[in-house]
Amino acid sequence: MSKEKEMYYSDEHEWVLMKTDNTVFIGITKFASDNLGDIVFIELPEAGNDVTQFEQFGEIESVKAVSELYSPVSGNISQINESVVQNPEILSDSPYEEGWLIQVELKDKSELENLMNLKDYESFLESGKD
Amino acid sequence: MTTNKKTSLFQKHVDENARIVDFGGWDMPVQYEGILKEVNHVRSKAGMFDVSHMGRVNITGKDSESFLNRVLSFNTKKLKPGRIKYGVICNKNGGIIDDCVTLRKNETDFLIIPNASNTDLVLNWFNQILVSDKYQTSIDTLKWTNIQIENITATTAMIAIQGPESENKLSNILQTDLSKIKYFGSIKIKFQNQELIICRTGYTGEDGFEVITPVDFATSLWDLLKKSGVHPCGLGSRDILRLEAGLLLHGNDMNSNTNPFEVGLGKFLDLSRLNYVACDSLKNIKLNELTKILVGFEMEDKGIPRHGYKIKHKNEIIGEVTSGGVSPTLDKIIGIGYISKEFSSLETKIVIEIRNKNLSAKITKIPFYTRRKNV
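The listed protein sequences derive, respectively, from chains A and B. Sequential numbering of the first sequence, starting at 368, is according to my numbering. Sequential numbering of the second sequence, starting at 1229, is according to my numbering.
No wet-lab data here; the hints were simulated from the structure. Positions of the beta carbon are idealized from the N, C-alpha and C atoms, including for glycine. Watch out, some of these pointers could steer you wrong.
As the list claims (entries may be wrong) - Keeping only pairs whose Cα atoms sit at most 16 Å apart, straight-line, the calculated EDC-like set for lysine to aspartate or glutamate is:
| id | chain 1 | residue 1 | chain 2 | residue 2 |
| --- | --- | --- | --- | --- |
| 1 | B | K1585 | A | E426 |
| 2 | B | K1530 | A | E410 |
| 3 | B | K1265 | A | D401 |
| 4 | B | K1333 | B | E1378 |
| 5 | A | K372 | A | D460 |
| 6 | B | K1585 | A | E410 |
| 7 | A | K397 | A | E464 |
| 8 | A | K372 | A | D487 |
| 9 | A | K386 | A | E464 |
| 10 | B | K1593 | B | E1581 |
| 11 | B | K1540 | B | E1575 |
| 12 | B | K1305 | B | E1335 |
| 13 | B | K1265 | A | E456 |
| 14 | B | K1265 | A | D460 |
| 15 | B | K1577 | B | E1528 |
| 16 | B | K1530 | A | E426 |
| 17 | B | K1305 | B | E1293 |
| 18 | B | K1593 | B | D1498 |
Stated by the list, open to error - Pairwise CB distance ranges, derived in the manner of DEER restraints:
| id | chain 1 | residue 1 | chain 2 | residue 2 | range |
| --- | --- | --- | --- | --- | --- |
| 19 | A | N402 | B | I1417 | 35 to 45 Å |
| 20 | A | E435 | B | K1560 | 21 to 31 Å |
| 21 | B | T1447 | A | E489 | 28 to 38 Å |
| 22 | B | F1496 | A | A414 | 38 to 48 Å |
| 23 | A | E373 | B | Y1411 | 56 to 66 Å |
| 24 | A | K370 | B | N1396 | 27 to 37 Å |
| 25 | B | K1514 | A | D417 | 52 to 62 Å |
| 26 | A | S494 | B | K1408 | 38 to 48 Å |
| 27 | B | K1585 | A | N484 | 36 to 46 Å |
| 28 | A | E435 | B | F1412 | 43 to 53 Å |
| 29 | B | N1483 | A | N402 | 22 to 32 Å |
| 30 | B | K1585 | A | D417 | 20 to 30 Å |
| 31 | B | K1265 | A | F398 | 18 to 28 Å |
| 32 | A | N484 | B | S1456 | 40 to 50 Å |
Produce the entire structure from the sequences given, and follow the hints as far as they go.
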């Protein structure tokens, strides 16, 4: 699980992984996908749209509830994962790899400093428990 | 902070890693391995649900039949011992306090199963009637002298076993031939020195049983069922199963402001009984004057209709969704809701407003799903 160690995490349970020097993959964490349960729809904006750090960019609808997706970084969407939109179960099966949602060209790399590393995210999850 | 109530099977659910949610003041499992998987399991094999949170109230004594005849929507005199009947409990205005099944154990003893969050309301309503009737001395039949109402919810547990394999699995476990119990029938048996009430009822649209057991025996029975291959299921799948089968959920699809006609439960009313508390007001409801009516619909666009979403026709708001969800059995997205009667005919195109988007749907018949009955 080396990739998870390279990822950045938001407190809305999204992850960011560097693809190249200025493009990233964005997805949701296993914790988030487990909590959603059976995912029915994933709604994403089209490539070419801008996203803003910590602002909503899409929705995930599961059998039980709707959850908003918040972008962990600002930038321009270069690609969306069509196969996860077509087959949402990919997200549940592989949230960190095949289940990525969008790729974004970063506007400001320093925004990554506003996110957590794996260790901090794990303690964040721990602190959320009763 | 108030603590939620827990059933005697709660620790089982936790040990088996079920996801626990609050349901009407109870900590209940919403899912084990996944809601859709559990739906499929019940439709194709057998699943079990802890439904101990539902109320269990004994009504006993010589006057119980005539008292229940005053508060239940059907004629209790026609209910034979060992038989079960579904009905509604209405207030004096005809509003639905609860919907529930009633089991007639013998000549004098009945058991009613109110919804978890309505059990106290039903008990209060019964007591209110008992007290107020005392002063109506002009009506002879309303002097209740021999009736006991006992809430046995805490001392018993209830497990629902649902699905085509239920009869076989449960018969084997209990070493009792359950094939002789008819739909909406029941028997009482002794098993491992425990008295069990076995009802051929359910809330899934499948064949199945609901077993009432002494509270101490619940985990043993759960373990036996699990060992025989009956899958534990949560309330999430139960909600989808009941929606597919067109079964209503009180609190969602009806409440004390809706009358039985609006929800299509008119067939469960016997208004020939003058002593029935809601008789007058329900008789005054003219069917052709109903403004809203409960209908089923299926989505044509992608989106899940949820409780409270608006139903529109073109741009006009004509109603509201009361329940909706994914139906894995039909591979459709389905819902039910109230709409103005003029738009209620089958195949009518309607619009569901889902988070500011207008998504199209059409009126369909309920139930959405009917099981194939064995010959």
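*asked:* Which constraints among the numbered hints does this structure fail? Numbers only, ascending.
replied: Violated: hints 5, 10, 18, 22, 24 and 26.
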